[in-house]
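Undergrad: Each protein sequence line maps, in turn, to chains A and B.
Sequential numbering of the first sequence, starting at 1, is according to our numbering.
Sequential numbering of the second sequence, starting at 1, is according to our numbering.
Rather than coming from a laboratory, the hints here were simulated on the basis of the structure.
Hints may contain errors.
Claimed, not checked - Reference listing, derived: stretches of chain B covered by chain A, where coverage requires no fewer than 3 residues with Cβ under 8 Å from a Cβ of chain A:
(1) 23-32
(2) 40-53
(3) 93-100
Ideal Cβ placement from N, Cα and C applies to all residues, glycine included.
So you can see what is in the structure, the chains are spelled out below.
Protein chains: 2
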Amino acid sequence: MNIEHFPSRLLENAVNEFAKLPGIGKKTALRLVLHLLKKDAEEVHRFGEAITQLRDEVKHCSHCHNISDHEVCNICSNPSRDHEVICVVENIRDVMSIENTQQYRGVYHVLGGIISPMDGIGPSDLEIDSLLERVATGQVREIIFALSTTMEGDSTNFYLFKKLKNSEVRITTLARGVSVGDELEFTDELTLGRSIVNRLLYEQSIS
Amino acid sequence: MNIEHFPSRLLENAVNEFAKLPGIGKKTALRLVLHLLKKDAEEVHRFGEAITQLRDEVKHCSHCHNISDHEVCNICSNPSRDHEVICVVENIRDVMSIENTQQYRGVYHVLGGIISPMDGIGPSDLEIDSLLERVATGQVREIIFALSTTMEGDSTNFYLFKKLKNSEVRITTLARGVSVGDELEFTDELTLGRSIVNRLLYEQSIS
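Chain A on its own, in the form it takes in the complex (with noise of 0.2 Å):
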């Protein structure tokens, strides 16, 4: 069914609004707005409150440029993790999925995206200066490479092994139990978690 006649403006910009969001076509788009009419106005207001407020209130870790409430996100902030060792990922979906493997006591690094010439992201549109930055300090002892195993993952690792190689600093990877061509949050807990714990150099990885 084509939505053409809606009966009421107000309704179409609410249906709209909705299909604009991925994966979510006009026909889905009224069915969550009819929901959300049926629910009480309170509810309503929590769920339209909840978005905004994200977005004007949501910060970014100066640090790990991880998603926070805070201006230290609180893993940076926690004194119990080791901050000499940093888990470079794409986004921070990526750093939930490490954190529920309970396997990791470091910190990390969001890049917020991966070298990806298709889709024209270059390195200067990643968080990778501060990266360096970070490393430049002389305060971190291992950088941890958890980018999906794709060739933007990898050329992406690549890049970074050349930028850190003439540091101090030793350059892991993941294990390659997370199997080639997966997208690291598709990864199940199991095999993210030992092969975090079973991390390899750089160079026998690629070796």
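Fit chain B to the supplied structure of chain A, relying on the hints for placement.
TA: Just chain B now, with coordinates in the frame of chain A:
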């Protein structure tokens, strides 16, 4: 991946709110929220406001109970529609489906559901009395039953038929072009358009 380790309470709130929507799991919710986070604040505000505004300001037409921006909906207030013919539908999606066929010039009555003992929905939960009142004015020539051709739809038709059969009004139902067992809203516009043009007397449809 189960999502326990949210880096931000604000993020967690937003994800939980999204995950309350039908057919949206935690993981999808996270995707949608992170998508919104990438948008300009203005765009996200428009999203949040479109929903809260809808919930706060939308009205239901005092005649047909369709969703409307005004006290009386565009269809009921349209003098070029035939107000003596009322098409009875389950919900506003069905109004939109029939409007899309551009085959119907009468008005509507939205029951707000169908009789479904399984879901504990009885006649008193639906806009049935208000329909009988509309008929009682004597200004209605025909009532078209356009409910889904499911068991619940049929029993609702039959309940309404018993209530109406002593009145002068002509009671018709959609031609069974709508394949039995289908939800009305999933019917293609052509079939739906034909079935409302070749509508039958309700007696014929049950004989």
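Undergrad: All hints, please: hold or fail.
TA: Status of each hint after checking the structure:
Coverage of the segment 23-32 of chain B by chain A holds [criterion: at least 3 residues with CB-CB distance below 8 Å; count 6]. Judged by the Cβ-Cβ criterion of 8 Å, the segment 40-53 of chain B is covered by chain A as claimed, because 11 of its residues qualify and three suffice. Counting residues of the segment 93-100 of chain B whose C-beta sits closer than 8 Å to any C-beta of chain A gives 6, which meets the bar of three, so the coverage hint holds.
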